[in-house]
Structures are given as C-alpha cells and as structure tokens.
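Novice: Protein sequences, first through last, are from chains A and B. Heads up, the numbering used here is the position in the first sequence plus 49, with the first residue counted as 1. Heads up, the numbering used here is the position in the second sequence plus 1, with the first residue counted as 1.
Please keep in mind that the hints were generated in silico from the structure rather than gathered at the bench. Hints are not guaranteed to be accurate.
In the BS3-like style, the derived pairs of lysine-lysine whose C-alpha atoms are separated by at most 25 Å in a straight line are [what the hints assert, rightly or not]: (1) B:LYS298 / A:LYS305; (2) B:LYS360 / A:LYS199; (3) B:LYS46 / A:LYS197; (4) A:LYS117 / A:LYS312; (5) B:LYS298 / A:LYS61; (6) A:LYS197 / A:LYS227; (7) B:LYS137 / B:LYS375; (8) B:LYS364 / A:LYS185; (9) A:LYS274 / B:LYS46; (10) A:LYS383 / A:LYS404; (11) B:LYS47 / A:LYS274; (12) A:LYS348 / A:LYS404; (13) A:LYS274 / A:LYS294; (14) B:LYS175 / A:LYS248; (15) A:LYS108 / A:LYS61.
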Amino acid sequence: MLPSNLLRIKIKGNEIMPVFAEINDENLYLADSLLEIYRSCVGKKIGDLEEAIKEEELKAEDLGYDFKFFRGLKTLLDRRLVLEEFDDSIDPIRVRALVFELANNYKDGLVIDEKDRASIFDLAAQKLGIDSERLKEIFLSVYEEEQKIKDFNDLRPEELLRFYNLSLMQTLMFKCRKLYVDVQISGGEMRRLLWLMKKLHLLYLAEQSYFGINLAIDGPASVIKQTERYGTRMAHLLPLLIQTKNWHIRAYISLKTKFKKIKVLRFELSKNYSMGLFPSSVGEEISYDSYVEEEFSKKFFTASAAWQIVREPEPLVVGRSIFIPDFALINGDKKVYLEIMGFWSEDYIKRKIEKLQALKDANLILAIDSSLGKINLERTNGNIEIVLYEKKLSSADILRALKKFESS
Amino acid sequence: MIEIFYSGGTIIVRGGIPLTPPNFLIYDQRIEAYRCYASQYYALKKFLETNKIPFTENVLNPLEGNIIERKKLELKEYQYEALDAWLLNEKRGVVVLPTGTGKTYVGIAAIAAIKGPTLIVVPTLELMDQWYAKIKEYFNVAVGRFGGGLKEVEYITVITYDSAYINAEFLGNKFLLLIFDEVHHLPSEGFRQIALLSAAPFRLGLTATPEREDQMHNLLPTLVGDVIYRRSVVEMKGKYVAPFEVVRYYVDLTKDEAKRYEALRRKFKSFFEETGIKLDSLEDFYQMIIHSGRDKKAREALLAWNEARKLALNASNKLLALERVLQEHKGERIIIFTEFNSFARMISIKYLIPEITYKTPEKERILTMDRFRKGIYKVIVTSKVLEEGIDVPSANVGIILSGSGSKREFIQRLGRILRPAKDKNAVLYEIVTRNTSEVNVSYRRRRQALSDLFD
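Generate the whole structure from the sequences, applying the supplied hints.
Specialist: This is how it looks when you write it as structure tokens:
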C-alpha cells in the first residue's frame, strides 16, 4: 500500500482505473536504475541515499516518467531497507540534552557563531570523556538522514513492478465503499478469506455466480450510511483474492471532486485482463485444519475404495452466507459433503441444521460427537444424514451413511 | 424477546419489532436484523421502553476500575460555571474557552463528577502526554495512553484522534464518558465516526475555536451536544490571561534571494497567463494541484510557487531579526515557530536550541518539554507540533518566523504565550519578508484572528 497522494488514476465517465505499470522495457529500466541505487547505498547513510534518489528523480522526470510512479517505487524500496541499530552505549538524547543545557547557560544564553558552537561541543565532549567529533556525530544521529543502511532486501525489477501494481490497486481501495468479488475459490482459500474478513470486522452477502461465488463486501455501519471507513481493510483482502483461480473485482470508489462534492466511481478488473501484472505469490499459506479432520482423512482414504475424499472442497452458498464443508466424498458422479462437528451446543446444532436445510441440491452428512452431551433432533430433510459418534469417528459409520445416498 | 447488543460500533436489534421501527433503525439483510449507530443507544432504549417492548441488552461493557481523588481540584469561577452548564445538560455539550485558560480542568472536573471509565480524545501526542500527567496528578486510577506506538487501554484512556478513528469499533462500548479535546477536529468525515460508533452516553467537547471554515461544526450538537458555555479572550484578558501585544518586524530578501524569487514568480505567473487559471481562491489552487499530477507544466509552476513561498518564509535575513529578538529578551521564556521542519532543524543546529517537530523522538520530546517547563531550557523552536493546547506555563515571548495564513494557527500560537505570569507582558513577534506574498499571508491571518478575538 502507498500513501494516498501517490495514487495514479485514469477516469473515464464513471469508471476509474489505477495507472498500472506494465512490465515493459521502459518501466523495467526505471525499476532497474532505482534498484541499482539502493544496492549501492548499503553501508552508506540515508542522507546519501536521498541525495542519489533526488538526482535520479530529476533525470527520470526529464525522461518523461511520472513523478508519482517514481515515488511509488521509492516507497516500496524504502520498506526493504534494513537500518543499522544505534550504538546504545551512549544515549544520543542524553548527549543532546547536555549540549542544549550547556548552550542555554552559555554567555547570555545565545550561541551565534561557529566558535560558540565549537566550544560547547568541546565542553560537552570533555564532560562525557569522548572525542568532540564523535560527540557531534552522536548529536546528529537522531536525525533520520544520519542513519546507516545495513542491508537491502533485493528483488528483481519485474517483481518490483508487480508489487507496485498490487500496492497501487490497494491504495485505490482506501476510498472504497463497497466491494464485489466474483471468485472461483477453493475451500481453503475461502476459509482464509472469511477468517480475514472476520478479523477485519467486514461483512458480506454471498450468492452463486458465474465463476463460483459472488461476495458483496462492506462493514457493519455501511448499511446505515455508505462509508470509506472499511476501504483500507478491504485493501487487505486483495493479495488473497488475486491468487485465486479466477476472479473479477468490482469496487465503488468515492472521490472528492472540485467544490468538495463526492462522486462514486466504478473500478472493475478481472484475472484475464491483468495477466502478469501482479505478483504470482504473496505471503505463505496458512492451514486451519483440526487434528480430528486430518486423522479421519487418512483413515477414510485407506478404508474406502469406491469413494474418494477431498478436503476443504469448494465453498457452498447457504441462504446469503457461505458454508465450507470439511470434506467432499466423491464416487463417480455422486458427491456427498461431510461436516464433522467436534464441538457444539444443542442450540448451535439446531441452528446449523435449520440453515443447511436450504441446501436442496447438495447431499450432506453431519457427524456429531454425542459424547459431548445429549441431543434430541427432529427429522431432517432427505438430503441431510446425521451420524452420531463417540469421540472417534470411524470410516465404517460414514460408509454406512453413504449407502443411503448410493441407492437414491 | 428482543435482544439488543453491541457489534462493531453499531447496535443490533434481534427479534421482531411489533411496531414501525424508528428512522434510525435500518434493516440489515446480511444479519437479518435491525441495526443502528452505537451513538443511538439511548434513543433506542427510550423507544423500546416507551412502547413497553420487553428486551434484554448487552450494549455497554464498561471497563472496570477504581477512581479516587488524589488532589483537591481548585476550579476558577468560569470553570465551575462551565462544569455546571454541562451537568445540567445531561452531561453532554461543548465548552468554549480561550487557549491557556485551563480547559483541561473542566475535563478533570467532569471525570471527577462521573467517576466512570473515560476516553479522552486529543489531536497530538504532546496533548496525550499532558492529559496523562494531569490525570495522574489528580486521581489514583489506572491511566492508559493510546497512540504514537502505545496501545494501553485503561479505565481512563487518552488517545489520539487518528487511533480513536482506527479503533472505534473496539472502543465503542467500553467507556461512559467521552472527552474530545480541541473538538473542532471531530466533525470531519472520518473523525466523526469516533462519536457515531460509540455508545458512551456522556460527552464533553473542549475548544477555543469551534467554528470550521467548511461549516461542519453544525454536526457538533448531534455528535457531542450544543455549545453550553462560551467565553472570549477579550472577556478574560488581564484577569485570566496575560496582557499581550503583537509586534511585526520586516526583513528584506538578500540580493540573490530577490533575484531567484522574481524568476520563480515569473515562471508561475506566465503559467497562469497562458492557461487562464487564476489563483484567487483555494478552489483554483486545488484545481491546479489536480492538473499538476498529469501536466508537467502545471507541476513546474506549482513547484516554482512552492519554492518562492519557501524562499520568503525561510529568508536568511530572518535569522538576523531572530538574533535581535533573542538578545532583547535574554533570559525570558521564548518559543520560536516555523512553518517547515527543515527551518526548525536548521535553527536548532545553528543556535543549539532544542527543537520539537513531529520527527522528534518521543523520549526527547517529553524531556525537552519537561526541561522547558522547569526553565532548564529557556528557548525552544517548533514547527506545527506545539500549536494545540500544550501546557507551557511560563512562555511569554513568541516569535513567528514563518507560518501559514490560517487564523486558527495564529490564535493558537498566540495562546502559547497567554499563560498568566507575574509582572510580564506577553509579546508575539511576527517576522515577515518584505515585498513577497508573505506580507499578505501574515496580514490575512492577523486581521481575521484579531477581529475574531475582539468582536
């Protein structure tokens, strides 16, 4: 993500589009020259780096590059710098306090020329028992430009451009009021997405769609009044979304125009129209599987010849929300979902069953650990089969339940 | 039965409502229930109670704690009046008092009256530290700071507007009293959500200048309450604030600077003539900034305008004038104000005067303020940071080396030196570069501010 003032956009009618950096020779050249500067500044001071960058920016502008593009790349590169830690044997703030105090008491409290300054630095150095030059260095070390660059996390120029594009798109989202995403997504990815939305206090409405599932995303207060409040959080969803098998994003972005009027513009992009524009991988995968599920998966695999087991199958839409079953069991063209409920309360199970009744086209086995308490269930629809087990779920129980679906 | 509960800065109403729901309740399809801003908590309860609709609630979840007064709070007459007005207005409303007259004490008194968990929202880290110290001085209570890297949530929590905005959902049901210091910040598009997403029933706003140029202060009554008490500088001059005068010194650009200044002016003037854009108002200026993103010429003109402005504001002869004023007020408590950080930095290094800018490390900032208060440092230099409500008890000389045309900034800088001190007149110097646009800028801020103060 970039500071908002580095956002570059094109507006056409009611459409808004970030000015993405194409991976072409022209842009690679700029990325490459910037990378070269950062590499060469390892071991030098931030001030030196800033000098070199300033010079490069003038050159780049003469060559016709947009300064916002230039500074966007610089922002991303700055984050890859590793700075040297202060030598903490002498606290620079203590040194400065001493210098300021001495200056305050010097003559009439007015330090004017170089000579005055030098004598104060000498006096302070004497008091601390260090060299004057060293003292001056420490005095200035609190300033950012005096910090030393220890290392730089290098990357390839095309990757820099791709990260720039992702950051640019995220920056556009800061002002997003509502985000629609149409995705072809695995159960695991959806689980991460839902988890992320929950963590970010975002809400959604789901529906079946062309690619698989369409989500309309905004926040709790959006229903009272549309707001940009959740824009930055929506931006956090993008790295995950652009890694799904197929995606289409539609976002409504509010923009302040002249006279402080607010205009809402549409931003649309899909995977097919952005090939090669974004990084192919961002961050590591996280697994949310429980131990029970993993154990069962292994056992079932060896126990059943006819039925195949798939973990975290594609998500299902139930009503207007998402349900990701633990497993899909597949036998030819038959598909039965399996949900294992290790922890539950009676209310929770009743609510869940009530909701799942809406799944008319899908067959589902609900495995409930009955050792956790007594449970009275009314009869369910034909497409939901309930299996009670104690502590350990056996493959035989499930295979027995599957028989009922085989015959139907 | 209906259930109402707090969720992410809003209140959800679960269960059927037998009547037409009030306007502020919105049906939310995503959760199949009604929802409203947390700030509607009392209106919602009133609706349910007057219509005899039974409900269970889980909205407020106030922090638990203990608050004991440590030191007797001595209020001045006008501070009592302000507190009474607030108590009589169902503990809601805005108090307007000039800078330097102890608005903080009205806030402390409100906390003492409520004795409940309180969130104090402030615009700067300096104010955060200052409120923190004051609370500790007057109460035995757990106090937290939230902002500038700190994330402490305690019975009394002092937080910056930025952090309060970002964390509004998390904070919205934990406090009973909200105090907004410098409450004129609150109505802006984002910050107002701090008030809307909170269920806290009691609210107090403090400011010297509630009015906003964009008229959004009209929202204050719904967010915090009406202005319930107001006193102006003139009513209080001499009695509660130091007598003051404003002195202006002019300096010239050096020959080289004047040459450069003219060249820059020609550059952006010719741009205006060519494009027909006039620089008459802020809107024109805004237009130009938009242009500059795409148009290289506009950008060059803007850069030239900026550099010309900097040249006037940072004119090297200003340093000579500064030295003269420093000589004249030797031994007195002086604050130097600049527009840009770089100028403050330069003065700090040249004269070895401690600086406070937003880039100053927190540890050094706290130390510098403390030593300035104690008189170990007599002079400090600052850019924009010190403008709001910082408690600098005995500064009696202010030197504006450079500033913007903002009336508010001028009043606030004046406020820095208006603390009553014995036998000392307060003086605010303005050092202005002759024959540059700065003359107009300084005229504008002074005329507007002083006409405001003496109205």
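Novice: Take the hints in turn and mark each one as holding or not.
Specialist: Cross-check of the supplied hints:
no. : hint                : result
1   : B:LYS298 / A:LYS305 : holds, 23 Å
2   : B:LYS360 / A:LYS199 : holds, 22 Å
3   : B:LYS46 / A:LYS197  : violated, 59 Å
4   : A:LYS117 / A:LYS312 : holds, 23 Å
5   : B:LYS298 / A:LYS61  : holds, 23 Å
6   : A:LYS197 / A:LYS227 : violated, 43 Å
7   : B:LYS137 / B:LYS375 : holds, 19 Å
8   : B:LYS364 / A:LYS185 : holds, 20 Å
9   : A:LYS274 / B:LYS46  : holds, 21 Å
10  : A:LYS383 / A:LYS404 : holds, 23 Å
11  : B:LYS47 / A:LYS274  : holds, 23 Å
12  : A:LYS348 / A:LYS404 : violated, 29 Å
13  : A:LYS274 / A:LYS294 : violated, 33 Å
14  : B:LYS175 / A:LYS248 : holds, 19 Å
15  : A:LYS108 / A:LYS61  : violated, 31 Å
Checked against the numbered hints above, the structure breaks hints 3, 6, 12, 13, 15 and satisfies the rest.
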